[in-house]
Amino acid sequence: MSEQAKHKIAAFDFDGTSIRGNSPVILVRHLRRCGMLRKRVISKVLAWAAAYKLRLPQSEAWVRGQVFTAFAGRPKEDVDEFLASFYEAEIEGAGRFRPQADAAMRRLHDEGVEVLIVSATFGPIVRRAQAFHPFDGCLCTEMRVDDQGRYTTHVDGTCVEGEEKVRAIRAYADARYGAGNWELVEAYGDHHSDTPMLAAATRGFAVTPDNPLAREARRRGWAVLDWDESVEK
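Heads up, the sequence shown is in this note's numbering, so the first residue is 1 and it goes up one at a time.
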């Protein structure tokens with residue numbers, strides 16, 4: 001297939017890139033206010049978040065399992081509805097989705113590019129965002145459902161983080177368009193773990209990057225975008 005005929009895809013990270021803040025951490029605070037998480041679990045998750053900020057190795061699957069202790073044994077449809085309402089109140093309602101991300105997504109749509117959110121965060125949260133913002137779909141971390149349709153505390157497959165983001169894009173696009181029939185034209189991320197995804201794209205964009213990603217962006221000639229705003233985070 002010729003270059004002109006290849007299906008074009010753009011990938012956006014969610015937490016810290018498309019939105020201000022980290023949605024799992026915001027969710028934990030929301031669950032704490034609702035009295036849905038034990039204090040011991042909250043302490044563990046917040047300690048994980050602090051270590052993550054310091055770029056220490058952390059288990060993405062473990063922390064998501066801890067968060068989902070709030071939902072273990074509950075019907076999937078009920079939990080998904082709860083997470084959709086959480087998105088509306090705490091992310092959309094709080095104005096956390098970055099207008100610069102919206103603008104970049106609209107531009108890409110105008111250019112005929114398929115726009116995907118590729119993120120380690122929970123799929124139901126991002127799928128609710130799709131009702132408000134111009135992206136076409138998401139490749140996110142999903143939690144396992146048992147044979148009775150109830151959530152467990154285990155990740156279904158792997159967390160969509162680091163190299164797994166590239167594998168998720170490739171698996172999705174190969175299945176839908178065929179190997180060699182698509183290209184990742186742009187990728188946007190804020191964290192050094194997004195480096196593989198940006199490297200896989202024709203054009204990489206480091207959005208308000210952490211220090212390691214900023215250094216990598218300078219080394220590779222990626223554009224560095226300041227999407228921070230002077231509002232409360």
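Quick caveat, the hints were computed from the structure, so don't treat them as lab data.
Among these hints, one or two may not hold up.
[Claimed, not checked] Okay, the calculated beta carbon distance ranges per label pair:
no., residue 1, residue 2, range
1, Arg-106, Ala-214, 22 to 28 Å
2, Asp-156, Asp-228, 16 to 22 Å
3, Val-145, Arg-107, 33 to 39 Å
4, Arg-167, Arg-218, 24 to 30 Å
5, Glu-77, Val-224, 38 to 44 Å
6, Asp-174, Val-145, 23 to 29 Å
7, Lys-6, Gln-148, 23 to 29 Å
8, Ala-171, Ala-49, 41 to 47 Å
9, His-154, Leu-46, 32 to 38 Å
10, Glu-142, Arg-33, 22 to 28 Å
The beta-carbon is built from N, C-alpha and C at its ideal position, and this holds for glycine as well.
Now the hints, each set against the structure:
1. Arg-106 with Ala-214: 22 to 28 Å: With a Cβ separation near 26 Å, Arg-106 and Ala-214 satisfy 22 to 28 Å, so the hint holds.
2. Asp-156 with Asp-228: 16 to 22 Å: violated, 34 Å
3. Val-145 with Arg-107: 33 to 39 Å: About 37 Å separates the Cβ atoms of Val-145 and Arg-107, which means 33 to 39 Å holds.
4. Arg-167 with Arg-218: 24 to 30 Å: Roughly 27 Å apart at Cβ, these two residues keep to the hinted range, so it holds.
5. Glu-77 with Val-224: 38 to 44 Å: Given range 38 to 44 Å: holds, Cβ gap about 42 Å.
6. Asp-174 with Val-145: 23 to 29 Å: holds, 25 Å
7. Lys-6 with Gln-148: 23 to 29 Å: About 43 Å separates the Cβ atoms of Lys-6 and Gln-148, which means 23 to 29 Å is violated.
8. Ala-171 with Ala-49: 41 to 47 Å: Taking Cβ atoms as reference, Ala-171 and Ala-49 lie about 29 Å apart, which means the hint is violated.
9. His-154 with Leu-46: 32 to 38 Å: violated, 22 Å
10. Glu-142 with Arg-33: 22 to 28 Å: holds, 25 Å
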